[in-house]
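Colleague: Residue strings, one per chain:
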Amino acid sequence: MTYSDDPRLLVIENRLRRVKNIVPIMSSKGGVGKTLIATLMALLSAENGLRTGLFDLDITDPSAHIVLGIDPSKIQPIEEKGVIPPKIHGIKFMTVTYYSQENPIPLRGFEIDNVIRELLAITQWGELDILFIDTPPGLSDESLDVLTYLRNPKPIVVTTPSPLSMKSIEKLLTVLIEQGIDLLGIVENMVLTKTNNNIYSLCKKFNVKYIGRIPYDPEIDKAIGDINSIRNTLFYKYLKEIFKQIKEKLIYDESI
Amino acid sequence: MVHEWALAEAIANYVREYIGEKTALKKLTISLGELQSIDKDILDFALKEIFKSMGITVQELDYEIETAVLKCRKCGHEWELNKSIFGEDVLEAIHFVPEIIHSYFKCPKCSSRDFDVIRGRGIRIVRIEVV
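Residue numbers (my numbering), protein chains in the order written: chain A, 1 to 256; chain B, 1 to 131.
A portion of the hints provided could be inaccurate.
Unchecked claim - Pairs of lysine to aspartate or glutamate residues, derived as EDC-like cross-links and limited to a Cα-Cα distance of at most 16 angstroms, are as follows: (1) A:Lys209 to A:Glu241; (2) A:Lys81 to B:Glu34; (3) B:Lys83 to B:Asp44; (4) A:Lys240 to A:Asp6; (5) A:Lys81 to B:Asp44; (6) A:Lys154 to A:Glu178; (7) A:Lys74 to B:Asp44; (8) A:Lys20 to A:Glu254; (9) A:Lys74 to B:Glu60; (10) A:Lys81 to B:Asp39; (11) A:Lys81 to B:Asp116; (12) B:Lys40 to B:Glu17; (13) B:Lys40 to B:Glu78.
Hints were generated in silico from the structure; no laboratory data involved.
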């Protein structure tokens, strides 16, 4: 089926009609902390009293549920003219693991696209101030679907100070900017020193806001799955400041 | 109301866009792929309700059941799926997201999960006949 032949694509906009802001957390490089940032930013958003959703779009390797510490075999969306995502720690959370459980889910690209179309077509998000989207690395189906199916996404791009990561996100930024996407900015994660200003330069080059940095936190892995422990980490403390900026920007733009 | 409603809404929106200003259909033919186990009666009820709310009349809603056929990319084996091997939980998961079959099923010949559903995945509009 082509884009216009698939009836599911016509209801996606309806399903997201009452979502004020769609914020994909993106990076073309893997292992930079997208899942932690997406999941914990959703947690901070809910703690700030905002109506918040989180959609794990890493279809073949979903892991946001692990950060949230839930067993997807014990939780299921409610069926109501589609499916209503369950609320986890105040976040409306949607993931393919409700269906795949902890089994492998090896899929070809067109199948990933099909899963995304299906989930976007059946998920009833209701009213949300912010829907965070955890995306997988690369510039393939999931990233392209974010840009094609979602109305006015406002991505946050994540990178580490590594030249490998920075070179990689330059390509992502090029794609986002040439499509006229309004980025919220760049977050620098796993920072070991404060002496490197390379990412500032990158932000300047692409005229994108540098939102902030998160130091490398060796303790964060031990806290994954336990929200109370996560709240006591250095990672969470720094992410709080970053979220504060995001919130202020969305308030300034009158979009929440 | 189960999730057939969401899919019915997608079909109805598509039909509305397809027929433009017109408001009457002679016949709408929909293919139901066996893999997704769509409940025909619920889908039929939802479609009628949604079309009514849109002011579109449909003289006949016709459904074709399409057998699920899979083909392994690794060894080339092609076979019809026998869903009776799955438990209720798995059928329910596949009902929501048919691609989930890759989480629970392998090629019976070579055990690869790299197979295609070449027919009978889910809902498909076959024909729209306008009055």
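Colleague: Work down the list of hints and note, for each, if the structure agrees.
Modeller: Evaluation of the provided hints:
1. A:Lys209 to A:Glu241: Holds, at roughly 15 angstroms.
2. A:Lys81 to B:Glu34: violated, 21 angstroms
3. B:Lys83 to B:Asp44: violated, 23 angstroms
4. A:Lys240 to A:Asp6: Between Lys240 of chain A and Asp6 of chain A the Cα gap is close to 40 angstroms, so the pair fails against 16 angstroms, i.e. violated.
5. A:Lys81 to B:Asp44: Holds. Lys81 of chain A to Asp44 of chain B sits at ~14 angstroms (cutoff 16 angstroms).
6. A:Lys154 to A:Glu178: Holds: Lys154 of chain A and Glu178 of chain A sit about 14 angstroms apart, inside 16 angstroms.
7. A:Lys74 to B:Asp44: With a Cα-Cα distance of about 31 angstroms, the restraint between Lys74 of chain A and Asp44 of chain B is violated, given a limit of 16 angstroms.
8. A:Lys20 to A:Glu254: Distance of about 10 angstroms is within 16 angstroms: holds.
9. A:Lys74 to B:Glu60: Given pair Lys74 of chain A, Glu60 of chain B is violated - Cα atoms ~42 angstroms apart, limit 16 angstroms.
10. A:Lys81 to B:Asp39: holds, 14 angstroms
11. A:Lys81 to B:Asp116: Violated - the C-alpha atoms of Asp116 of chain B and Lys81 of chain A are around 29 angstroms apart, more than 16 angstroms.
12. B:Lys40 to B:Glu17: Status violated; Cα separation ~23 angstroms.
13. B:Lys40 to B:Glu78: violated, 27 angstroms
Comparing the model with each numbered hint stated earlier shows that hints 2, 3, 4, 7, 9, 11, 12 and 13 do not hold.
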